[in-house]
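**Student:** These are the residues of each chain, in order.
Number of protein chains: 4
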Amino acid sequence: MSTEDPLPQLRAFVDERDWAQFHTPANLAKSISIEAAELLELFQWSEDADEAKVREELADVLTYCFLLADRIGAEPGQLILDKLSLTRAKYPAEKARGRSDKYDRL
Amino acid sequence: MSTEDPLPQLRAFVDERDWAQFHTPANLAKSISIEAAELLELFQWSEDADEAKVREELADVLTYCFLLADRIGAEPGQLILDKLSLTRAKYPAEKARGRSDKYDRL
Amino acid sequence: MSTEDPLPQLRAFVDERDWAQFHTPANLAKSISIEAAELLELFQWSEDADEAKVREELADVLTYCFLLADRIGAEPGQLILDKLSLTRAKYPAEKARGRSDKYDRL
Amino acid sequence: MSTEDPLPQLRAFVDERDWAQFHTPANLAKSISIEAAELLELFQWSEDADEAKVREELADVLTYCFLLADRIGAEPGQLILDKLSLTRAKYPAEKARGRSDKYDRL
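Respectively, the protein sequence lines represent chains A, B, C and D. Per this note's numbering, residue 271 is the first one in the first sequence, and the count goes up by one each step. Per this note's numbering, residue 271 is the first one in the second sequence, and the count goes up by one each step. Per this note's numbering, residue 271 is the first one in the third sequence, and the count goes up by one each step. Per this note's numbering, residue 271 is the first one in the fourth sequence, and the count goes up by one each step.
Everything labelled a hint here was simulated from the structure, so no lab data went into it.
The list cannot tell twin chains apart, which means a pair is met if one copy fits it or any two copies do.
Simulated pairs of lysine-lysine, DSBU-like, Cα-Cα distance not exceeding 35 Å:
| # | residue 1 | residue 2 |
| --- | --- | --- |
| 1 | K353 | K323 |
| 2 | K372 | K360 |
| 3 | K372 | K323 |
| 4 | K353 | K372 |
Remember, it's a predicted structure, so these values are computed and weren't measured experimentally.
Using the sequences and the accompanying hints, generate a full structural model.
**Tutor:** See below:
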């Protein structure tokens, strides 16, 4: 599966509305938390949630994440891979297998 | 810029640790909120934050977002684009230009 | 049970450290979200959490809530009661009994 | 100022709706994060927010905090005071004065 790059359309959307002025890293960080909570709200009282709504709310979190990545000159997929090498070292497969404990309790 | 697809490595990382059992949509939604708040913490008392830390915390949010997208069979870039067409209709450029108001106050 | 008023000690704690300068409403709102996520983290992978830790993290959320209430000249118990009368009207007992639906779906 | 105890009315409100079944500690922790983000949303693009809305959203966070405290048999004011003695030790006034650094960087 190839990953569709939404960045050109995201940037055009922001430019057409002159919204870059609001998109400071601090404001984008707040926005990510706010949208993450709207996603969480779908699971507030139950383990199950309407999947169409999950897609929409997850899209909102991802949108602000991509905008913040763009703002700091980073590429989302690369950020994930860079962090993954750190996490691999913190959670060695043989120690972490089948456990949800934090790395300092493995 | 082409977007690196981190999904094959993410899936391998999870499989090697047998962690898919913990990654229910509800748990991933909680995880996204938790990591979003760690990102926000970098801006708790100031508009400025250490960029290396921003990259790491943003990577954590993105990681759980990609895992949730994968779990529901969605592709992150496509989710963003699907939502963007809805948002375009809610925030017409000529009305929303230069304003941070919610769509129902434009 | 009478409610202990922690405000005099909270105010003294903040004054001794000259921290009121950081406690703008916006920063306190961020702090409440950050601490709320630390509480949530105790339930990230399980319905059960260590109760001593729940007490500590809940205390952190409450502390910032009380500081924000104080900052805007409000009394926490009174805020709750004022909102409760609004919520009573939105969720009439006979309609809402035993249901976790939002008021617009009752 | 004496603190009004909202607990008797809160308990009656929940009982009349038979909602205690939904109020597990895990669900209340999610609810606190969700409401905290609605408070944060008032400050999403600006340092200033409508004060009537701040009071309402802060009330929602406080309500779930009081319900969780009640659920674990704790008293909100006492929780704050218990935690405050720990925080006093971590942030000695002479070291922390006028600084927003974390305790491990003082």
